[in-house]
Each structure stands twice: as C-alpha cells, then as structure tokens.
Amino acid sequence: MLRLLAEVANIGNSKSAEEGLISVVLPLLKLLSLALFGLVLAHKKFQIVPRETFKLLSKLVFALFLPCLIFTHLGQSITPENFVHWWFIPVNVLLSTLVGFLLGVLVVIICRPPQEFTRFTIIFTAFGNTGNLPLAIVSSICHSADNPFGPDCKRNGVAYVSFAQWVAVILVYTLVYHMMEPPMEYYEVVEEGVEKEEDQQTDNEVSRPLLVEAEWPGIEDKENEHSKTPLVAKIFMSVSNLSISNTPDIENNIVEDAGESPKSIRCLAAPKVVKKMRTVAEQTPVQHILQPPTIASLLAIIVGMVPHVKAFVFGYDAPLSFITDSLEILAGAMVPSVMLILGGMLAEGPNDSKLGLRTMIGISIARLLVLPLLGIGVITLANKMHFLVEGDHMYTFVLLLQYTTPSAILLGAIASLRGYAVSEASALIFWQHLLALFSLSLYIVVYFKLFSFF
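Residue numbers (the UniProt record's numbering): 1 to 454.
Hints are computed from structural coordinates only; laboratory data are not their basis.
The reader is advised that the hints may include incorrect statements.
Each computed DSSO-like pair below joins lysine-lysine, with the alpha-carbon atoms no more than 30 Å apart [said to hold, decoys possible]: (1) Lys354 - Lys30; (2) Lys354 - Lys310; (3) Lys384 - Lys154; (4) Lys354 - Lys55; (5) Lys154 - Lys44; (6) Lys384 - Lys59.
Derived Cβ-Cβ restraints for the label pairs, each shown as a range [unchecked claim]: (7) Pro114 - Leu369: 19 to 25 Å; (8) Gln47 - Ile110: 25 to 31 Å; (9) His386 - Arg112: 28 to 34 Å.
For glycine and all other residues, C-beta sits at the position ideal for the given N, C-alpha and C.
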C-alpha cells in the first residue's frame with residue numbers, strides 16, 4: 001500500500017496535478033458555501049432563521065427529500081444482476097466499522113479517556129457518516145460537467161450510497177443503541193438527581209443541540225422507560241450497590257405480562273442466559289429501522305428487481321413517469337437542505353465536554369486521517385481478490401468514502417435518546433466536521449489518483 005501511495009504522489013506533471021486538485025476542491029467548496037449560508041442564517045448574532053425552522057427542515061429531509069432521492073436513483077440503477085454485483089458494498093460497511101472499532105480500542109489505550117467514556121470513544125471512532133454527507137459529496141462532484149465518473153455519475157453514486165445505508169441503520173439501532181447506554185456509575189448519579197432533572201426538563205428541551213434532530217427528527221417521542229437506563233448491565237450483571245427500588249425488574253415484568261401462555265412456559269424453562277438475551281432483544285428498538293429512508297430503499301430494490309414493474313414506474317414513456325419526475329424535483333432539495341442544516345448545527349458551536357482534549361484529538365486523527373489509510377489497504381486487497389466491479393470508479397470511490405467521513409451525526413441523536421454524553425457528542429461532531437473539510441479534500445485527491453490502479 002505504501003508503494004502504491006508513493007506512485008500516486010509522483011503521477012503527472014504540475015499542471016495536471018493542479019487541475020486535479022481544482023476538480024476535487026471545487027465540489028467541496030460548493031458544499032462549504034451552502035453550509036456557510038446555514039451558519040449565517042442560524043447564527044445568534046443575526047438570528048435570521050430560528051432553530052425551529054431548521055428542525056422543520058430536518059423533518060422534511062428525513063421524511064420527504066431523502067426518500068425521494070433514494071427511490072428515484074436506486075430504483076433506476078438496481079437490477080437483479082447489480083444486486084449480486086454490489087454485494088461488497090454492505091460488506092464494506094461492516095469491514096469499515098470493524099476496522100474503526102479496533103482503531104477505537106487503540107485510541108482508548110493511548111489516550112486513556114475517562115472510564116465512563118470508553119465505549120463512547122470506540123463508537124465515535126468506528127461509526128462514520130454513511131448517509132447524508134456521502135450523498136452530498138457524490139452529488140456535488142457529479143454536478144460538475146468534467147467529473148471523472150461519466151454521464152451516469154449521480155445516479156450510480158446515489159444508488160451505491162443508498163444500497164449501503166440499510167446496513168448502517170441496522171447497526172445503529174441495535175449494536176450502537178446498547179453500547180451507548182449510560183454506565184452504571186453515571187446512572188446512579190442521574191437517579192440521585194431525578195428531582196433536579198425534572199425541574200430542568202423544560203430548559204433541556206430548549207437547549208438540546210440541533211444535531212440531536214439533524215438526522216432523526218422527533219427523537220423525543222421515541223423515548224421509553226428504559227431508554228436512559230443501563231439495560232444490558234442491569235440484566236447481565238448483579239450489582240449490589242445499584243438502587244433496585246428505583247429500577248423496575250424488567251425480566252419479572254416480562255414474565256408477569258406473559259401470563260400462563262406456552263410461550264412464557266418455554267421462556268421459564270429456557271436457560272437463564274437465553275432469557276436475558278431475549279429480554280435485551282425485546283427492548284431493542286428494531287421498529288425504528290423501518291423509517292422513511294429505509295422504506296424508500298426497500299421499495300426501490302423491489303421495484304428495480306422486477307423488470308415489468310420497473311418499466312411501469314421508471315423511464316421516459318413509463319405510465320407513472322409523471323410521479324417519478326415529481327419525486328426527482330423534490331429530491332433536488334435534499335443536498336442544499338442537508339448542508340443548510342449542517343451549517344445551522346455548526347452555528348451553535350461546540351458544547352462543554354468532559355471527554356478531554358487528548359481524547360478528542362485522538363478520535364479525530366484516528367477517524368479522519370488513519371482510518372482512510374487503512375481503508376485504502378482494504379479496498380486495494382479487495383480489488384486484487386476481484387471483489388469490486390471492474391472498471392467502475394464510482395463504485396470504488398463510494399467504498400473508499402465509507403472510511404473517510406467524520407463520525408455519524410446520528411450518534412448524537414442516540415446519545416440524546418440514551419441520556420449519555422450528549423454534550424461530548426455535540427462537541428466532537430462539531431470539531432470533526434470542521435476538520436473533515438481538509439481531510440476529505442486531501443483523501444479525495446488521493447482517491448482520484450488511485451483510480452488509475454483499479
């Protein structure tokens with residue numbers, strides 16, 4: 001991999017290198033300009049647009065613009081043959097998460113964050129933004145007439161990114177949801193200050209960072225009695241100093257609610273560990289997986305996989321072409337809306353954080369600088385093993401991009417839902433997205449040069 005990067009650095013003369021740099025930086029500058037508009041509109045000094053407007057815009061992106069973009073582009077691109085050829089896209093999401101997870105463990109060993117933020121550090125190193133930001137980058141690059149990906153640049157790029165999203169969504173609402181539960185010690189502090197928290201509930205609603213709802217609007221309606229409790233720890237560990245009187249016995253409640261049905265009898269007869277795992281599974285919010293963007297992806301795959309249905313929906317002469325044309329018009333609002341929301345989020349500035357400067361720097365370096373290098377190695381190896389679609393540079397670019405983006409904004413929403421490290425998540429996401437402007441520019445230049453080797 002080092003030899004490959006060395007050859008990349010020596011390719012072309014200074015003129016071609018300058019042209020390549022401009023072709024990469026300009027799309028990112030377009031996105032930056034859109035984000036700056038959002039920052040100015042939302043800044044406290046100007047207060048041109050209130051925070052509630054950005055929240056409403058987030059709901060439109062989540063429920064309308066993003067599903068329209070996914071359905072129109074993925075539905076046109078997907079075929080039974082492509083469905084087989086694209087198998088490495090979701091696998092790469094798992095690989096990038098695994099590599100990031102191991103890198104996060106290394107960050108914990110080196111930076112030694114406070115004990116209550118150990119899992120937080122690993123999660124924010126492992127899980128990157130696989131949705132809105134890659135879609136915005138791909139759309140901006142494809143907006144240029146001289147893009148290196150051809151006339152089907154945007155359609156294919158959006159399809160590849162969308163095809164990877166469902167894996168990331170499943171991971172977030174299962175693995176990340178439970179890893180982000182508050183530690184036992186933190187939960188005890190929360191319990192002792194229940195009255196104080198209740199008195200400040202209204203203030204918390206007002207001061208909740210915009211990033212909490214940037215990619216998951218209406219999150220406050222998703223909370224339940226176990227959202228802000230260390231569910232897994234309470235079920236699998238016997239902690240004598242935990243205040244049991246203030247905590248419902250989840251396992252007993254489930255058994256009592258089950259009554260004398262055969263299902264409950266089998267549960268009682270099952271090993272204790274199996275019952276505990278069943279309890280955790282029942283408290284996992286898998287219902288949140290079926291959200292508008294995910295539903296749009298599933299519908300696009302179903303429609304695209306059936307040729308007769310696809311011909312009825314997509315195409316110039318299709319009977320339902322007027323509907324898909326309308327959806328494409330709405331989809332055009334997705335990228336500018338997302339960047340305006342990002343600008344509004346950055347306008348709030350970083351919150352106070354107890355994570356520590358060393359740990360924040362460690363996570364940012366690992367996520368934005370080290371992980372992309374490891375990603376180049378993984379994708380190079382996958383190419384040698386003939387896992388990639390030969391000659392499709394956009395396919396390779398999207399795979400590489402999964403290692404390059406900053407931590408997912410959705411993690412801030414999960415932190416808020418679990419009542420754990422919300423301020424730390426806000427501060428880290430703020431600084432990472434500022435630094436990502438430079439790291440993305442650097443690595444996209446490298447990726448464009450690498451295409452001659454794939």
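| Hints violated by the structure (numbers, ascending) | 1, 2, 5, 6, 8, 9
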